[in-house]
Amino acid sequence: MIAVSATAIGIPFNIPLAKLTDWLPSGLPWIIIVVLVGAVTTFVATLGYDKVEKFSTIAAPWMILVFLAAAIAVLPELGVKNWGDFFQVAQDKIWTGKPLDGQSKFTFWHILFFAWFCNMAMHIGMADLSILRYAKKWTAGFASAGGMYVGHYIAWLASGILYALFLQQSNENLEFAPGPVAYSAAGITGALCVIIAGWTTANPTIYRAGLALQAIMPKAKTWKITLIVGSITTLAACFPALVMQLLDFVALYGLILMPMGAIIFIDYWLFPRIGLQSNLAAVKNLTFNVAALITWLGSLLACYLIAKTTGLEIFFLGLPGWFLAALIYISSSYAYQKKWSK
Amino acid sequence: MKILLKLVSIAGLILTILPSIGVFYEVISQEENKYFMLIGTLIWFGPKIIFKAK
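Chains A and B are the protein sequences, given in the same order.
Under this note's numbering, the first residue of the first sequence carries the number 1, and numbering increases by one thereafter.
Under this note's numbering, the first residue of the second sequence carries the number 1001, and numbering increases by one thereafter.
Please keep in mind that the hints were generated in silico from the structure rather than gathered at the bench.
Don't be surprised by glycine CBs; every beta carbon is placed ideally from N, CA and C.
A few of these clues could be false.
[To be verified] So, partial list: chain A residues that the calculated Cβ filter (under 10 Å) puts toward chain B: (1) Leu47; (2) Gly48; (3) Val52; (4) Phe55; (5) Leu68; (6) Ala71; (7) Ile72; (8) Ala73; (9) Glu77; (10) Gly79; (11) Lys81; (12) Asn82; (13) Gly84; (14) Ala143; (15) Thr189.
All chains should be modelled from the sequences, with the hints used to inform the complete structure.
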């Protein structure tokens, strides 16, 4: 999201943007802008979560409306003159079902699965807990679902419309240009929306990654860890290879973390009900839980085999993988915990 | 005062979305819409930030 914000900040400077197929930064101006955005984002994250949370609360309803307004305003340019035209134009010009060269074709199921599972690491993998553990009420968890619905359905619908117009006007230009696209549809407000959307997404992600790392190094100061995480993220954002392959990248790291989410869920909610010990490592003062390792490696291996034999794309694997991880954790814990009950 | 600030900020939010419908029905131009959206944005954030700061 640092790179997304940078595309909007770069508008006045007319910097060359990376293309969908690029691997390396498009030039020094791009690197400078990404580093500046990354530095500001990381600096704010090191100050803590309070300020970001307050600003995000103000910005959220406005951002949704800017997305919607930008999409509605460009519909006539795509040929939608009344609401009755919408579905025909959507089929012919927006979601045509024809992928760009080198990109895989997305069906309804791709969108549905990707909308719910692209942030699998945060929600199903429970990385969200690094922030949600401070929640005052259990209902705070609904924020994840609300965010996904608004961000991954409504905003994606709007960006689909905006990008269709961009492709039409730019003769299938492969440039990665969320900032210029939003600017052309909604002016300065659109560019501001892209900057704020990128910033308010990147900021808590850096902050919670810092908190999660601190669990491994409890003596290290939060701001130092956040600074390190922010620097790594900024460096990664300079390279289009990572940003352009975001779909595959988030699906992969989500899949890697997914078994941990299943382990936490089963350990906390199910184990007390089936006579198994929750938090075994903490209770028995262990540094290593073999059942968790078996679950992690076993479920990832199972997902790999499913993908290999059925040809399923990576972001379809999270759902069956979660249930497999749950089954492996229950069965391996039964065997592993016998040793401790003797 | 609080109620007034709330009403003003809600008006800002309405000004962000409503003109786009005007563009769709060809009542206003795309350029005018962009100005209205910017004014709506300033009206939404201004009172909210002042309100939060207090």
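- Message: Checking each numbered hint in turn, tell me which of them this model violates, lowest number first.
- Response: 1, 2, 3, 10, 13, 14
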